[in-house]
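Fit chain H to the given chain A structure using the hints.
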Amino acid sequence: MAINLKELVNSDASLISRRVWSDEAVYQLEKRAIFGKTWLFLGHESQIKSAGDFVQAYMCETPIILARGENGDIHASINSCTHRGLPVCRSDHGNTKRFICPYHNWSYSVDGSLVTIPQERAIKCKPDKRELGLKKVPRVETWRGLIFGSFNEAIEPLEDYLGDMKFYLGAWIDRFPGGIEFIGSPHRWVIDTNWKLPVENQLGDVYHGPHLHASIIAADSEAGIEIDNYAYNVVPTKGHGASFRLMPEDTPTDKIAWGFETPVGQLGSDELKNYLRSVQATAEAQVGPVRARMKGLAYGVYPNLSFLWSNAGFKVSHPRGPNKVEYWSWSVVPADAPEHLKQQLRNNHASFFGPGGLLEQEDSEAWIQQNIGANIDFADDRMLYYGLGLGEETTHPDLPGTVTTGANEYYARAFFQRWREDLLAEVDG
Amino acid sequence: MSALERQYQVEQFYYREARLLDNREYQSWLALIHPEIRYSMPGRSNPMVNNRERGQQDMISVERELEGLDSNGLPIRDENYAILWLRVDRAYKMNSWAENPPARTRRIIGNIEILDDDGDTLQVVSNFHLFYARPGLRDFFYAGQRRDTLIRQDSSFQIRCREIVMDMADINVPTLGLLL
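Protein chains in written order, with UniProt numbering: chain A, 1 to 429; chain H, 1 to 180.
Chain A on its own, in the form it takes in the complex:
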């Protein structure tokens, strides 16, 4: 069917059609207009520390090998043999000198160059191997060890793309003098939902917490009260989002320090608590007085990267068609924390927001049920309402970007305004 984008999302994006999440034609357009054009998250440098280290990644549905080359460079190559198209790497991670295609054993170095064609000896006209390497992702850049790739050769530099999102990401990452480390392999699981629904959830949907998760986080809990009093949603650039509490200056350390908010921190050893206090003690020196008072909630980087502050996870929502997602979620810890404390801190993620997570199970249930609602018939005249706080967005002297209270849905309107612009640009060409 032909898509009328202006009918899918109204002008201020306060009304959105269910087809945005469920239509196959919309999804095919998203692939070209968004996943073919933007920066996409691939992984973190701590996953590929040594020459020959590699991990798997995805850019939308396209499989990528992310590897550290002999000279320390980072390479992102499409995991598909130039000869017959098979994946040349079948492992999730490891260290190697060569990727070897199973079918005829064409072999590639970790930077994607074609090294050997075993059949070459038996033919006279030799192919030019320099032309037959794995297809490279044309742009790969990093910020704070976070590696992004883009299929768009002309895209702006990553740091410009992130813009003021760096201020908010840095509020967490930069408080650790040694930076951050992605620990182990990501959790990967399949959810019957559209890729944008997990993204929206973490882009600024602060107020689902005390409702959807009320069995764990009651509205009158400390977190619920802090959200009522101190929560901000900020849109640094349309499509990105940061939600957090900006705590008062006289807040006691244990009520603000990262890591204290979860059962892992609350029930943790004195040693763990003292470590978390020591991080907070140097936070002002590391990130300045405003960001040291930030107690984050969740972030989103356009189009499909999310970050959870308290439970310390980076997440990517990889589309698998309009109605399926392969969700990847990494546990992140301070790189210079003692190893045994990292092992405790990783459970902030695992038992709460991994596929067996106490809180995740309500989130994925909501995303599945939303997606059911996005697929129903006879309700196209009842667009979904994204208008809470329409026109109430403002600015704040200490917070770069467009600022709203926690209940305002500007974060989602801004996302869908950008989404519509990206799709229109592709259609109008």
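By construction, these hints were calculated from the structure, which means they are not laboratory data. C-beta atoms are modelled at their ideal positions from N, C-alpha and C, and glycine is treated no differently. Please note that a few of the clues may not be correct.
To spell it out: a stretch of chain H is covered by chain A in this simulated footprint if at least three of its residues, at any positions, have a beta carbon under 8 Å from a beta carbon of chain A; those stretches are [unchecked claim]:
| id | segment |
| --- | --- |
| 1 | 10 to 18 |
| 2 | 34 to 48 |
| 3 | 81 to 87 |
| 4 | 126 to 132 |
| 5 | 159 to 172 |
Some residues of chain A that are not near chain H, with every Cβ distance over 10 Å (derived) [said to hold, decoys possible]:
| id | residue |
| --- | --- |
| 6 | P63 |
| 7 | D174 |
| 8 | L212 |
| 9 | R346 |
Cβ-Cβ distance ranges computed for the label pairs, FRET-style [stated by the list, open to error]:
| id | chain 1 | residue 1 | chain 2 | residue 2 | range |
| --- | --- | --- | --- | --- | --- |
| 10 | H | N23 | A | P157 | 57 to 65 Å |
| 11 | H | N127 | A | T253 | 23 to 31 Å |
| 12 | H | Q57 | A | E339 | 22 to 30 Å |
| 13 | A | I217 | H | Y81 | 17 to 25 Å |
| 14 | A | I225 | H | A133 | 36 to 44 Å |
| 15 | A | Q119 | H | Q56 | 28 to 36 Å |
Just chain H, lined up with the frame of chain A:
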């Protein structure tokens, strides 16, 4: 006690545990859990095989696929009594939406093998098949192995340590947060 009697006793313990969980009698189930329990589910990935491992058992061992229990990798779950208590507690709340209406489960526990018994403590492995139906969605199938440390308690046991190895290639079930 003969080896047969001991085997019977352990099997009966697991059957009772499965019945409590399938009947959603989670608070009764919690009484089978030792206060010092470590309850874990390792992550499972496919690491690249080193050429030098060719022809060796290690190349295809299950253990090399598991991560995050004693290493720096990432487990799917690594929990103590407090977290299991939270999981049990939420089952009795109306607003635990992932379990409202509650899932229907049926566990089959088998291949129960006592690997070691020092008189007080037993090392036991068992397999499970779990049918899981969530009303409004569809039916799911879980399979895996449990590696338990049981402590003798009067005429029965308490679970001191449980490591759950899941067998699915892709995690395509609604949750791995079940009591398994």
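Verification of the supplied hints:
Here the segment 10 to 18 of chain H counts 0 residues with a CB under 8 Å from a CB of chain A, which misses the bar of 3, and the coverage is violated. For the segment 34 to 48 of chain H, the stated coverage by chain A holds: 6 residues have a C-beta nearer than 8 Å to a C-beta of that chain, and at least 3 were required. Counting residues of the segment 81 to 87 of chain H whose C-beta lies closer than 8 Å to any C-beta of chain A gives 4; at least three are required, and the coverage claim holds. Counting residues of the segment 126 to 132 of chain H whose beta carbon lies closer than 8 Å to any beta carbon of chain A gives 0, which falls below the threshold of three, so the coverage claim is violated.
Restraint check on the segment 159 to 172 of chain H versus chain A: 3 residues with Cβ-Cβ distances below 8 Å, three needed, restraint holds. Its beta-carbon lying about 13 Å from the closest one in chain H, A/P63 satisfies the requirement of being farther than 10 Å from that chain. At roughly 23 Å from the closest C-beta of chain H, the C-beta of A/D174 stays outside 10 Å, upholding its exclusion from the interface. Not every beta carbon of chain H lies more than 10 Å from that of A/L212, the smallest distance being close to 7 Å; the non-interface claim is violated.
Look at A/R346: its CB is around 6 Å from the nearest CB on chain H, not clear of 10 Å, so calling it non-interface is violated. For H/N23 paired with A/P157, a C-beta distance near 59 Å keeps the hint of 57 to 65 Å intact. At about 48 Å, the beta-carbon gap between H/N127 and A/T253 misses the expected band of 23 to 31 Å. As the Cβ distance of H/Q57 to A/E339 is approximately 29 Å, the hint placing it in 22 to 30 Å holds.
A hinted range of 17 to 25 Å holds for the C-beta pair A/I217 and H/Y81, which are about 21 Å apart. For A/I225 and H/A133, the Cβ-Cβ distance of about 38 Å falls inside the hinted range of 36 to 44 Å, so the restraint holds. Separated by about 30 Å at the C-beta atoms, A/Q119 and H/Q56 satisfy the suggested range of 28 to 36 Å.
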